[in-house]
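Residues per chain are reported as follows:
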Amino acid sequence: MLEFKNLKLSFGNKKVLKGVDLNVNKGDVVTFIGPSGTGKTTILKCVNYLVEPNEGNMHLADMSVDFKKINKKDILSLRRKTAMVFQQFNLFKNKTVVENVMDAQIVVHNKSKSEAYEKSMELLDKVGMCDKENEYPSKLSGGQQQRVSIARALAVNPEIVLFDEPTSALDPELVNDVLSVIEKVAKTGVTILLVTHEMDFARKISNKVVFMENGYVVEEGSPEQIFENSQNERTKQFLSKFYLKEAVSAK
Amino acid sequence: MLNPTITEILLSLMQVSYITLIVLVVSAICGLILGTILTIIVVKKIPVLKQITVTFSSFTRSVPIIIQLFIVFYALPPVIESMGFSTTYITATVASIVALSLYHGGYLVEVFRAAYRALDKGQHEAADSMGYTPIQKFRRITLPQTIPVALPGWGNALIHLIHDTSLVFALGVVDIMGRGQLIAASSYGMNQVKIFLIIAAIYIVLTFLSDAIIRFFEKKNKKFKLDSGLNTKGA
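Residue numbers (the numbering used here), protein chains in the order written: chain C, 12 to 262; chain D, 181 to 415.
Derived by calculation from the structure, the hints in this document are not laboratory data. Just so you know, these numbers come straight off a predicted model, no measurement behind them. The C-beta atom is built at its ideal place from N, Cα and C for all residues, glycine as well. Treat the hints with care, since some could be wrong.
When the alpha-carbon atoms are kept at most 16 Å apart in a straight line, the in silico EDC-like pairs for lysine to aspartate or glutamate are as follows [what the hints assert, rightly or not]:
{"no.": "1", "chain 1": "C", "residue 1": "K83", "chain 2": "D", "residue 2": "D391"}
{"no.": "2", "chain 1": "C", "residue 1": "K56", "chain 2": "D", "residue 2": "D308"}
{"no.": "3", "chain 1": "C", "residue 1": "K84", "chain 2": "D", "residue 2": "E398"}
{"no.": "4", "chain 1": "C", "residue 1": "K56", "chain 2": "D", "residue 2": "E305"}
{"no.": "5", "chain 1": "C", "residue 1": "K219", "chain 2": "C", "residue 2": "E194"}
{"no.": "6", "chain 1": "C", "residue 1": "K252", "chain 2": "C", "residue 2": "E239"}
{"no.": "7", "chain 1": "C", "residue 1": "K137", "chain 2": "C", "residue 2": "E224"}
{"no.": "8", "chain 1": "D", "residue 1": "K402", "chain 2": "C", "residue 2": "D142"}
{"no.": "9", "chain 1": "C", "residue 1": "K122", "chain 2": "C", "residue 2": "E110"}
Cβ-Cβ distance ranges computed for the label pairs, FRET-style [claimed, not checked]:
{"no.": "10", "chain 1": "D", "residue 1": "Q231", "chain 2": "C", "residue 2": "D32", "range": "57 to 67 Å"}
{"no.": "11", "chain 1": "D", "residue 1": "I315", "chain 2": "C", "residue 2": "S47", "range": "48 to 58 Å"}
{"no.": "12", "chain 1": "C", "residue 1": "D77", "chain 2": "D", "residue 2": "I226", "range": "25 to 35 Å"}
{"no.": "13", "chain 1": "C", "residue 1": "K19", "chain 2": "D", "residue 2": "I251", "range": "31 to 41 Å"}
{"no.": "14", "chain 1": "C", "residue 1": "I81", "chain 2": "D", "residue 2": "P227", "range": "54 to 64 Å"}
{"no.": "15", "chain 1": "C", "residue 1": "H70", "chain 2": "D", "residue 2": "I209", "range": "50 to 60 Å"}
{"no.": "16", "chain 1": "C", "residue 1": "K19", "chain 2": "D", "residue 2": "Q231", "range": "44 to 54 Å"}
{"no.": "17", "chain 1": "C", "residue 1": "K195", "chain 2": "D", "residue 2": "I339", "range": "49 to 59 Å"}
{"no.": "18", "chain 1": "C", "residue 1": "R245", "chain 2": "D", "residue 2": "P227", "range": "14 to 24 Å"}
{"no.": "19", "chain 1": "C", "residue 1": "G139", "chain 2": "D", "residue 2": "F397", "range": "45 to 55 Å"}
These stretches of chain C come out as covered by chain D in the derived footprint (C-beta under 8 Å, 3 or more residues) [said to hold, decoys possible]:
{"no.": "20", "region": "66 to 80"}
{"no.": "21", "region": "90 to 104"}
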């Protein structure tokens, strides 16, 4: 479904990804964990080419690209197979809630207005934002905006949904609303890549956890393997800091 | 007209007001088009053209407009002639329009560039991530959010332009200012105060009109609130 081979990327002199290989199957929920600045978000942005990898190959659904030779047409079709949910929501501020969800369907996927509207309301209902369809994003709380942005991402029928720290910019009180929506999305069987610092959630939702540091994949495996039986010193050290429950029970 | 009445002065000025209006409207439109094109060059960072634009914009904003008028009217024709083209079409009015368009365009680059920057990177990423083409993104996301931010600055630029049209008489264009000078001269400078106050009133009306147009567009665009601290009020 999604495969990276020898993915390398640097911003100027700073090497961010130093050769990442990754394999994701259809319907997988893959969570990336690790310290800040290790390239977790960057990997997600490689999938839809929001950042420009220096080299490496990627397979996505029926496409394969060599990042050295990618052209504009490839970039557009990559982006039309994927959707992203951002840390800062990034809703279009000049459009209402329902217009945000409709817009890409109409512009990018040439759907009729009524068709797009129907689908949008259905999705807004799923994320519990139906009653706010005509509000502008500036009137919504962070949690509400993030739920709308999840609906917007699902509206384009993506092969893969990329969640980039979807709860990091939210009040603690609102985090659970958004997490439960993500959990619902995961249960629909869509492939998900998720970057998060919510360790409990990562453990609960994913069937594959990837621990990254310094631009490398240090360890990957099932949540049980990573959170309970990690053989890697560095993973254990990281989790003992971040995942306090484990640390306590280990003592 | 040794001792003209206010009505006579006003009528005489009105006869040439179309010159002022033509210079103003044509320069405003050409300046807007030029400013838009140059802004695209700057924000898209097109090599070479960008450096030229930045230099040009800084030139138009730092050199007094009267000197820019002189440059276009006196210095440009010989250059064009030396390249083998005729310059008979460069009348004082044409030179005024060219100079004011360049000036207005160079000024608007700064206004538009700042407005474009006010749109956060996140929304660009969101549109890109869903596969919008650059033109789709511009039409549906960028432009609608740039206009409300650019409007106040654009309104100010228009007012500057209106005021600066009063300088074109220095090239010999008989606009309302030029005609005013002539009326004053024909009565040995006796009616200067009266004449210039009337001209001031005409400019006040013009400025009010331009303000009203900008306000109208601001109202049309204030239905959504921008989160950048540049809130359009009332939302």
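Against the structure, the hints come out as follows:
no., hint, verdict
1, C:K83 / D:D391, "violated (43 Å)"
2, C:K56 / D:D308, "holds (11 Å)"
3, C:K84 / D:E398, "violated (38 Å)"
4, C:K56 / D:E305, "holds (10 Å)"
5, C:K219 / C:E194, "holds (15 Å)"
6, C:K252 / C:E239, "holds (14 Å)"
7, C:K137 / C:E224, "violated (35 Å)"
8, D:K402 / C:D142, "violated (23 Å)"
9, C:K122 / C:E110, "holds (13 Å)"
10, D:Q231 / C:D32: 57 to 67 Å, "violated (42 Å)"
11, D:I315 / C:S47: 48 to 58 Å, "violated (36 Å)"
12, C:D77 / D:I226: 25 to 35 Å, "holds (27 Å)"
13, C:K19 / D:I251: 31 to 41 Å, "violated (53 Å)"
14, C:I81 / D:P227: 54 to 64 Å, "violated (21 Å)"
15, C:H70 / D:I209: 50 to 60 Å, "holds (52 Å)"
16, C:K19 / D:Q231: 44 to 54 Å, "violated (32 Å)"
17, C:K195 / D:I339: 49 to 59 Å, "holds (55 Å)"
18, C:R245 / D:P227: 14 to 24 Å, "violated (44 Å)"
19, C:G139 / D:F397: 45 to 55 Å, "violated (37 Å)"
20, 66 to 80, "violated (count 0)"
21, 90 to 104, "holds (count 12)"
Checked against the numbered hints above, the structure violates hints 1, 3, 7, 8, 10, 11, 13, 14, 16, 18, 19 and 20; every other hint is satisfied.
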